[in-house]
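> Hey, can you work out the whole structure from these sequences and the hints?
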Amino acid sequence: MNAQPYFLDHIWLIPLFPLATAAVMLFFGRRLSNQIVSWLCSGSVFVSFIFSVGAFFQLIAKPSGERVATKILFEWIPAGTYHMLDGRIAKFIADWGFQIDPLSCVMILIVTGVGFLIHVYSTGYMAHEGGYYRFFGYLNLFMFSMLMLVLANNLLLLFVGWEGVGTCSYLLIGFYFHKKSASDAGKKAFIVNRVGDAGFLLGIFLTSALLGTIRFVEIGPALAAGGFAIGDPRITAIALLFFVGATGKSAQIPLYVWLPDAMEGPTPVSALIHAATMVTAGVYMVTRTNAIYQLSPKAMGVVALTGAITALFAASMGVVQNDIKKVLAYSTVSQLGYMFLACGVGAFTAGIFHLMTHAFFKGLLFLAAGSVIHAVSGEQDMRKMGALSKKIPVTYWTMLIAALAIAGIFPFAGFISKDLILGKAYEKDALLWAIGYFTAGMTAFYMFRLIFMTFHGTSRVDHEAEHHIHESPKSMLVPLLILAVLSIVGGWLSWPEIFGGNSHFIHFLSTVVAVPHEARMEPVKGPSSAHGELFLMVLSEGLVILGILFAWFLYVKRTDLPQKIARSFGGFYRLVYNKYYVDQLYDALFVNRAKDLGLALGAFDRNVIDGVGVNGAGWLTRAVSKLSIWWDTWIVDGSVRLGARIVWIFSYPVRLIQDGLVQSYMLLIVIGLIGFFGYYFYMAHHAIH
Amino acid sequence: MVPVDHYLWLSLALFTIGVIGVLTRRNVIIILMSIELILNAVNINLVAFSHMFGSVDGQVFAIFIITDAAAEAAVGLGIILAFFRNRETLLADEMDMLKW
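Chains as they are written, first to last, in the working numbering: chain Z, 33 to 721; chain V, 799 to 898.
Quick caveat, the hints were computed from the structure, so don't treat them as lab data. Nothing here was measured: the structure is a model prediction, and the numbers come from that model. Where is the CB? At the ideal position from N, CA and C, for every residue including glycine. Any given hint might turn out to be false.
Claimed, not checked - The following label-pair restraints were derived from C-beta to C-beta distances: (1) V:I827 x Z:A719: 40 to 50 angstroms; (2) Z:F708 x V:L806: 12 to 22 angstroms; (3) V:G876 x Z:V668: 43 to 53 angstroms; (4) Z:D669 x V:I827: 39 to 49 angstroms; (5) V:M895 x Z:T665: 45 to 55 angstroms; (6) Z:W663 x V:M895: 32 to 42 angstroms; (7) V:I827 x Z:L688: 27 to 37 angstroms; (8) Z:G675 x V:I864: 50 to 60 angstroms; (9) V:L806 x Z:A719: 49 to 59 angstroms; (10) V:M895 x Z:V644: 54 to 64 angstroms; (11) V:M895 x Z:A719: 41 to 51 angstroms; (12) Z:V668 x V:I827: 49 to 59 angstroms.
Shown next as structure tokens:
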């Protein structure tokens, strides 16, 4: 660990640059001009990118066996010791530590590189929006969280980044928070992710309890030392819990429902968070913990099958969407499915490779879609577009390149990464390959449906918007062009060996993937020969071209056909168009049940806590005080009043005299006088005699 | 020359009428008038004895009593007026506030 080269020793700085500018935006952003905000926020990401590139070059300068560097800043949670499941005592170590190896190196390059381009793009896209500094502050906070996620050297710190990106995703989806659909989508994303995060957190606990460590570099040795057999149920449990987390963050069945709604956020956010970086965190995490997965063929099978089914399922929904961003959202879900399919069949490096090429072409697709939306005055419905190719040529050509890349046309990036995955899938299971293969055809179809509906045919743009169609500013076009180049050449980093390449990228990453002791001896099924591989490639290329031609036929040649087809398959069309009613199903099964639970708890609160508890205590106090009042009234006051009453009774005759009438007083005076005089005269009379 | 006991009988009659008036009448003004009767009965007594003894003292006293009666009438009527304004009554049996 001592004497690492400069950039490897300072990887901890990489997340700090965006954090610093995010803090500046939080405290002073309101007072800064848009120009300063743009320079600060894009600049900090660019500095991070420079540091990442520096780290990359210093990493590949090392011999391939030693390409891992760790930098522990301080011990984060000194929790002390605990008993592991097998009774041994372990010290809980969670440090604020960073780790760079080929995997995290690739990730920080993607995150900072694509992130920087999207920052630049945003300076053009968001130029006329309110809350400019707020947007960039959130974006930089996101960059910080994402970089923490990929640079963390232990599961708990990864989880910090994991939650951080979730929070930023929530903040940015709900960026137009005055719009109810946007704030609802933000909440939905956050809550659905919570479900996955709970699983991930349980997985971390179980890892800690079973292996006694949460550091990535120590997990492999701990597994070996523990002597866990392949298929150990405890390992399978960890792997499945991790995968629950991954399905949440990376929008896989059953937790994919938040991603299409997340398109309520500004388009650069969709590109950065919901296409290029955050949603791939699940794939990164599965690859990062591949030592665990490799010990559990069952969990791998679940991952592969979930990925494959998600890919197909999401692609089918993408086929019928009319909102340009929704098509791309379902496409993202589908492509993420491919990545998990790759991980599930053990081709982790192919998954990460597809993650990278996907970051390029899906980021580009979103940015180009943003440019289209910008051009037609905010319209997102493809039925109100058409014939835009001449009016916004740069956007058109870059988007076409991205579409060719995602469809998998030779030699674009998507072709190489996707066929790598399909090849590996075929080696494992022909059914998985068939699903992936069929999905590839659908991908080509819906992407070119998007291209043809948006750029070709007749214009269906509103007259009002028609006059304002304009190409986007340079700050938006330059990132498009750079990403277009990357969408072409990105795949060449791992040029297949059958075309005379050497799979550099795959070899670079391969040190990260633990080779399980038995897998090495497992016989390779399927296309063991180069001819087999070539045959598969030609086969998928044929299907892709068929898909594109089909899209051309339906959406350029015979534009009346799609509606007829939709009508003749009425029921099925409605089922797919309404996204298989999954949202409604979840509402009925979980959301409304959760609401019911809330209402029931509310009723419990009202009736039992408030009713019996608070009101009961009140009632008791009142009852006691009533008793006290009775005592006071009848006993304490009563004794006083009894005395008064006795006096009153004995005073009765006295009171009769004092009636207040002057005349009766007068009468008494007269009687008194008469009595007095009578006595006087009587005594005088006696005295005389 | 009228003997002095005639005066005394007259005075006694007047006094008795006055006292009965004070005791029995409800109207305060009549009570006041009855008090005048009592005072005048006393005056008759004083003047009669003054004449009998040939001393002027009793007559002087009678003059004082007449003056006093006038002052008393003025004050009494004033009190009655003030009372009427407050309680809107002149009846003595409704004036029972002395017991409070």
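> Hints broken by the structure, by number, lowest first?
Violated hints (numbers, rising): 5, 9; every other hint is consistent with the structure.
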